[in-house]
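S.K.: For reference, the chains in residue letters:
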Amino acid sequence: MTFFKADKLAIHFGGVKAVDGVDFEIAEGEIFTIIGPNGAGKTTIFNLISRIYEPTEGQLIFNDEDITNTAPHLIAGRGIARTFQNIELFEQATVLQNLLIGRHAHRSGNLLANIFFLPSTRRAELAHREEVEKVIEFLDLARYRDQRIANLPYGVRKVVELGRALCTEPKLLLLDEPSSGLNVEETSDMAFWIKDIRDLLGITVLMVEHDMSLVNRVSDRVLALNYGRVLTLGSPSEVQSNEEVIRAYLGG
Amino acid sequence: MRFVFKTRYEQDLRLWRHKGDLIGYGIFLAALLALPMFAGVYYVGEANLWLIYSIAAMGLMIAVGFTGMASLGHSAFLGIGAYTHAYLLQNGVPFVFSLPLGGLLAGAIGVAVGFPTLRMHGIYLAIATLAVALITQEIMSKWSSVTGGFDGLPVAAPDFLSIQSEAMYQGEWFSVGGLHVGWTELWSPVSLYYICIVVLVLAALIARNLLRSPTGRAFVAIRDSEISAQSMGIHLAYYKTTAFGISAFVTGLAGGLFAHQISHLAPDAFNIFISIELLLICVVGGIGTIQGAVLGAAFLIMLRSFIPIMRDEVTAGAGGVEMLGGLVRFVNSPGLEAAIFGALLVVFIIFEPMGLYGRWLKVKTYFDLFPLYKKSTFARQKSYVKTERLR
Amino acid sequence: MDSVQIYISLFINGLALGCIYGLIALGFVLIYKATEMVNFAQGDLMMVGAFIAFGLIAGFGLNFWLGFLLTVVFMIIFGFLLDVVVIRRLIGQPQFSIVMATIGIGYVLRFVMPYAFNVEQIAFLTPFTGKAVQVAAMTLDAGKLAAVVGTLVLCAGLYMFFQRTRIGVAMQAASQNQLAAYYMGIPVALIFSLIWGISAGVAAITGVMMMPIANVMDPSIGFIAIKAFAGAVVGGFGSIPGALVGGIIIGLVEQFSDYLLAPGYKDIMVFSVLLAVMVVRPEGIFSQMGRKKV
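Residue numbers (the working numbering), protein chains in the order written: chain Z, 1 to 252; chain G, 1 to 391; chain V, 1 to 294.
Check each hint, because a few of them may be wrong.
[Claimed, not checked] To be clear about the criterion: a stretch of chain G counts as covered by chain Z if any three or more of its residues have a C-beta under 8 Å from a C-beta of chain Z, and this derived list gives those stretches:
| # | segment |
| --- | --- |
| 1 | 129-143 |
| 2 | 234-247 |
[Stated by the list, open to error] Covered stretches of chain G (in silico footprint by chain Z; criterion: 3 or more residues with CB under 8 Å from a CB of chain Z, positions within the stretch not fixed):
| # | segment |
| --- | --- |
| 3 | 9-20 |
| 4 | 219-225 |
[To be verified] Computed list of lysine-lysine pairs in BS3-like fashion (alpha-carbon distance at most 30 Å, straight line):
| # | chain 1 | residue 1 | chain 2 | residue 2 |
| --- | --- | --- | --- | --- |
| 5 | Z | Lys171 | Z | Lys134 |
| 6 | G | Lys142 | Z | Lys134 |
| 7 | Z | Lys5 | Z | Lys171 |
| 8 | G | Lys19 | Z | Lys134 |
| 9 | Z | Lys171 | Z | Lys195 |
| 10 | G | Lys362 | G | Lys142 |
| 11 | G | Lys142 | V | Lys131 |
| 12 | G | Lys142 | G | Lys364 |
| 13 | Z | Lys8 | Z | Lys171 |
Source of the hints: derived by calculation from the structure; they are not laboratory data.
Everything numeric in this text was worked out from a predicted model, so none of it was measured.
C-beta atoms are modelled at their ideal positions from N, C-alpha and C, and glycine is treated no differently.
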């Protein structure tokens with residue numbers, strides 16, 4: 001059984017080959033990291049997986065199913081959740097509402113039930129709330145519960161975004177630079193959470209990250225990209241000592 | 001500050017936040033119900049207009065305030081609701097069916113308009129809805145077999161409910177507080193007033209229920225970030241269409257009531273200025289809040305009845321004085337009302353973007369926290385130009 | 001007149017009207033490109049320009065060209081001040097609020113201008129009023145030709161300004177990336193005010209060019225901006241050539257449908273074309289929209 005597989009994945013913007021024939025496979029329960037210099041195509045791969053972009057070529061397999069042509073809003077329901085590099089939270093809503101939106105893929109009931117707020121909707125809402133509270137406890141967000149995102153510091157927003165992704169109950173979690181903009185302490189919290197997400201919740205993690213200390217601490221395998229192509233794939237130490245990777249980062 | 005001590009999740013699903021809220025809304029509703037027993041027919045008429053505008057603006061708020069879809073076309077939905085209701089009423093359909101049918105048709109056309117314009121956002125949607133409003137107005141004047149064209153369409157008075165201050169000779173059921181309730185051919189502003197209250201409460205419930213259910217949360221998510229809403233599993237096209245449809249439906253209901261208020265429909269009654277007035281209500285009342293629609297409408301109606309009074313006072317007081325001729329000409333110039341509305345829009349957007357309801361919240365917080373209130377409690381982070389070119 | 005001549009004259013009329021729409025559209029596309037604000041008061045700026053020109057030419061009896069020039073100068077200052085006093089404070093508000101605010105400004109202008117000049121309608125003579133030009137067998141209205149020629153000259157001038165002058169290039173930079181431009185030492189706030197000035201200047205020129213076509217103008221002439229919006233959308237919002245092409249398309253559609261369809265259907269036709277374009281190709285002819293990067 002294939003958990004996740006990108007097969008000859010490619011996307012071209014005009015003449016620019018942002019991702020050019022990338023193959024990789026992620027095993028269930030892994031923490032898999034993509035590294036590479038700016039513009040290597042890391043975030044583009046995320047956008048391809050979450051179906052914001054249409055791949056020019058190639059295939060995406062998740063849980064033995066081809067998701068290359070799945071509509072973007074159905075991806076969350078399949079069990080893939082993501083965070084964004086520059087935080088895309090719902091600014092004017094509270095933390096609780098943001099997390100509840102994360103439950104959207106699991107909603108039931110129709111529009112009329114919602115409009116009249118029938119008992120079935122009430123029951124479903126309470127059940128969602130239970131799930132959300134588990135995430136709030138897991139990420140220690142209780143004191144921010146009723147605050148608007150617009151009033152929160154950057155570090156907390158980053159955690160809320162992680163929480164929102166967890167609320168979708170994903171099987172595969174895509175984290176786009178989870179440590180960017182965080183201080184040392186927050187980064188080390190993030191490292192613990194990423195490990196806990198895998199160890200306690202059993203969620204497979206695919207992340208893009210620049211902070212090599214974080215990468216070394218949590219990753220099982222690392223994929224190095226440059227100019228949309230795979231440089232190498234291996235354990236964090238192997239990849240870091242790879243000559244091509246060093247050249248890509250140092251130039252030359 | 002009042003801290004609500006929550007012990008059960010259900011507390012967050014209530015219609016009110018705490019007992020104080022509930023008592024407040026209760027007193028408000030009781031005052032509304034009692035108003036015709038004390039106020040004259042003129043004031044009841046003005047109150048009707050206020051309630052109708054509140055309902056219409058509540059509809060618009062669902063699109064503009066909750067989902068972030070700017071619409072300049074809600075005058076069309078008000079008109080469709082009004083004409084449909086009047087036409088059905090004229091053809092013998094009972095009031096209780098024709099009013100919701102008018103709303104449903106407006107909603108259906110809202111869906112039809114919303115669907116192709118979904119891929120648009122911000123300014124595109126505003127222009128598309130503007131075009132729809134203009135086309136609808138043209139159709140109202142051209143399709144004379146149904147709408148009566150420029151001659152207009154008289155609105156038949158419904159005969160299922162009569163509430164008035166004079167005693168009835170026949171068909172009276174009961175009287176309360178000087179009001180006689182019954183069934184006769186007589187229809188009065190007071191009857192309309194109570195129907196408006198029922199519809200207003202229903203509209204507010206719809207809006208509130210939406211906000212506390214997944215559908216409304218999806219609207220808010222789309223407003224704040226389409227791209228992450230989508231990655232959370234929200235079907236953008238479906239929810240945008242739904243929001244626009246519900247919005248048009250509620251405004252259409254208001255249209256049916258508006259038909260009785262003006263009693264004779266003409267295409268001119270549904271021009272773009274109505275759309276602007278409704279948007280003004282949303283902005284002045286407080287965008288994104290249900291209460292804002294009611295507050296904003298009250299503000300608009302008071303202002304509208306204040307301007308002619310001021311005009312008469314100034315003309316009478318300064319009419320003979322040579323030096324004040326410019327002032328008299330000023331208050332009597334056409335477009336004064338629109339200019340005042342326009343200036344208010346600008347002032348509110350610059351100085352009080354949260355609207356009257358936001359101001360009310362601030363005042364309440366000030367007294368709750370006294371003397372510890374600090375201005376920055378409600379300070380907004382200012383950014384440089386927000387790009388909406390890229391979505 | 002035979003039918004060929006009718007069609008040619010319809011074409012010229014549509015072209016002239018389309019140029020007016022195109023220039024109004026150009027005015028707000030300039031502002032939109034630079035500041036991302038959509039100025040729903042652009043038509044009213046044109047009206048203000050026409051009223052000022054009326055005051056100078058018909059009121060003070062100035063020579064047409066001198067009055068024209070002064071009008072443009074006044075309007076550039078007016079646009080600049082409008083940004084400094086009002087618009088600048090709106091920065092950071094959602095786009096919808098800005099749309100509402102400019103609609104509000106439009107209503108204020110529509111009231112203030114006739115009050116200030118104490119007239120309900122304006123008319124002044126231009127060198128083109130009532131004149132005709134003989135081209136082959138055709139008699140063409142000079143005012144309409146002037147509008148077409150004026151549009152071409154103005155566009156060429158603006159093109160040179162944006163491509164060749166330092167300040168024009170700075171404006172382009174500011175419109176592409178405000179923050180980067182700011183870091184490079186471009187005074188972005190000043191640039192924005194200047195763009196509002198230029199846009200108001202274009203509106204003034206449009207207002208004067210409208211005079212021989214409209215014969216009489218009243219404050220509600222600003223409403224034709226709605227059709228200019230349609231033009232801008234058809235052309236691709238945010239594209240300057242698109243604004244002109246779109247405006248001309250709308251002008252032609254209006255003229256031909258006025259002639260070919262039953263009277264009173266031209267507006268329905270114009271807005272139907274707009275909706276059709278929005279459905280079929282929402283990004284317009286010259287697409288400028290992109291996706292947000294995440």
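S.K.: Next step is simple, just say for each hint if it's right about the structure.
M.R.: Comparing the hints with the structure gives:
no. : hint                   : in the structure
1   : 129-143                : violated (count 0)
2   : 234-247                : holds (count 5)
3   : 9-20                   : holds (count 4)
4   : 219-225                : holds (count 5)
5   : Z:Lys171 with Z:Lys134 : 17 Å, holds
6   : G:Lys142 with Z:Lys134 : 60 Å, violated
7   : Z:Lys5 with Z:Lys171   : 14 Å, holds
8   : G:Lys19 with Z:Lys134  : 29 Å, holds
9   : Z:Lys171 with Z:Lys195 : 15 Å, holds
10  : G:Lys362 with G:Lys142 : 49 Å, violated
11  : G:Lys142 with V:Lys131 : 37 Å, violated
12  : G:Lys142 with G:Lys364 : 51 Å, violated
13  : Z:Lys8 with Z:Lys171   : 23 Å, holds
Going through the hint list in order, the structure does not satisfy hints 1, 6, 10, 11 and 12.
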